[in-house]
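If you count the sequence shown from 1, position 101 lands on 101 in our numbering, and the numbers rise without skipping.
Heads up, a few of these hints could be off.
Computed list of lysine to any residue pairs in SDA-like fashion (alpha-carbon distance at most 20 Å, straight line) [to be verified]: (1) Lys-240 with Ala-65; (2) Lys-240 with Ala-229; (3) Lys-240 with His-294; (4) Lys-213 with Arg-260; (5) Lys-240 with His-290; (6) Lys-213 with Arg-171; (7) Lys-152 with Gln-164; (8) Lys-213 with Ile-227; (9) Lys-152 with Ser-125; (10) Lys-240 with Leu-191.
Please keep in mind that the hints were generated in silico from the structure rather than gathered at the bench.
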Amino acid sequence: MAAPELAIIIVNYNTRDEVLECVQSVVSTTAVPLEIVVVDNGSVDDSVAGLRAFGSPVTVVEAGANLGFAKGVNRGVEHTHAPWVLLLNPDTIVLDGALDALVAFANAHPEFGVYGGRTLRPDRSTDPSSCWGAMSLWSLTCFALGLTTIFKRSRLFDPESLGQWNRDSVREVPIVTGCLLLIARENWRRLGGMDERFFLYGEDAEFSGRARKGGLRPVIVPDATIIHAVGGSTVPGGRKMSLVMAGKATVLNTQWRPLRAAIGIALLQMGAGLRAAPYALRRKDGTWTHAWAHRRDWRGGYPEAMARLFDDQLVPHELKGA
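Work out the full structure: start from the sequences and follow the hints.
In structure tokens:
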């Protein structure tokens with residue numbers, strides 16, 4: 001057998017059916033020699049047995065507990081050897097030739113260094129979450145004032161969305177998300193992998209920012225197309241939004257100067273309060289009412305946010321998939 005050229009890392013937590021479908025799609029659509037490592041974060045849904053039954057080229061690494069995404073990815077990379085490393089969500093379906101196209105582009109254009117693709121929703125409409133713009137004081141001000149909601153996907157008032165661009169052309173971007181992220185092993189090592197202070201959400205934004213500072217140029221390759229069941233690996237809700245906000249706060253704390261970070265986190269809180277207000281007036285619960293009520297728990301960021309957001313040290317089972 002040819003030596004693996006591409007190492008695929010999938011972090012799984014109680015998504016047995018989804019991760020098996022994901023692995024099958026990888027194997028059936030990809031010609032590049034593969035090694036696939038699935039890090040299982042303590043699943044209780046028979047994920048490990050199903051993955052072990054799959055056989056080659058899948059290796060299962062049992063973490064024994066929910067390590068979160070960053071630690072899980074780093075653990076998985078340690079068990080691989082291929083020159084290219086690909087992070088892939090368990091709730092994705094790889095379309096024919098997508099990963100071959102991504103690796104071919106990366107080999108032809110090593111100057112970029114970090115590579116993402118195009119993600120579609122199950123109905124084949126564009127899912128913009130394969131990449132994002134970076135947070136700025138302007139983007140956070142727009143969030144705080146509700147402009148990102150009123151003018152959704154506006155280049156001016158919702159700049160992190162990158163406007164109406166449908167991810168259908170090659171383009172450099174500030175952030176490639178971890179649902180589909182390719183990088184050369186040598187660059188992964190040089191950057192030190194994912195920042196393990198993060199538990200879930202925000203680690204890919206921090207990683208992309210660190211990569212840019214290191215001279216890499218994250219880019220989207222539209223021929224690398226996958227289907228992403230957005231939210232398929234987590235149950236929507238206020239607790240999830242609190243984790244998202246904790247991730248954002250951690251990015252600000254790790255990449256911005258202290259005063260600027262404090263202003264940014266205050267704007268995040270303002271935006272959460274604005275979105276929670278209509279629900280509070282109607283005395284109804286919602287995603288943002290939970291995030292607003294728990295703002296003191298997430299605004300300090302990870303790792304402290306984990307102990308504050310959860311009464312015990314284990315992540316509840318409704319958070320399926322780190």
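Here's how the hints hold up against the structure:
1. Lys-240 with Ala-65: At roughly 19 Å apart (the allowed maximum being 20 Å), Ala-65 and Lys-240 satisfy the hint.
2. Lys-240 with Ala-229: Roughly 16 Å between the alpha carbons, so the hint for Lys-240 and Ala-229 holds.
3. Lys-240 with His-294: holds, 12 Å
4. Lys-213 with Arg-260: Given that 20 Å is the threshold and the Cα spacing comes to 18 Å, the pair holds.
5. Lys-240 with His-290: Since the Cα atoms of Lys-240 and His-290 sit roughly 9 Å apart, the hinted pair holds (cutoff 20 Å).
6. Lys-213 with Arg-171: This hinted pair holds, its Cα atoms lying about 18 Å apart.
7. Lys-152 with Gln-164: holds, 9 Å
8. Lys-213 with Ile-227: The hint is violated at about 30 Å.
9. Lys-152 with Ser-125: Judged against 20 Å, a Cα distance of about 16 Å means the pair holds.
10. Lys-240 with Leu-191: Not OK: Lys-240 and Leu-191 at ~28 Å, beyond 20 Å, violated.
Hint compliance for this structure: hints 8, 10 are broken, all remaining hints hold.
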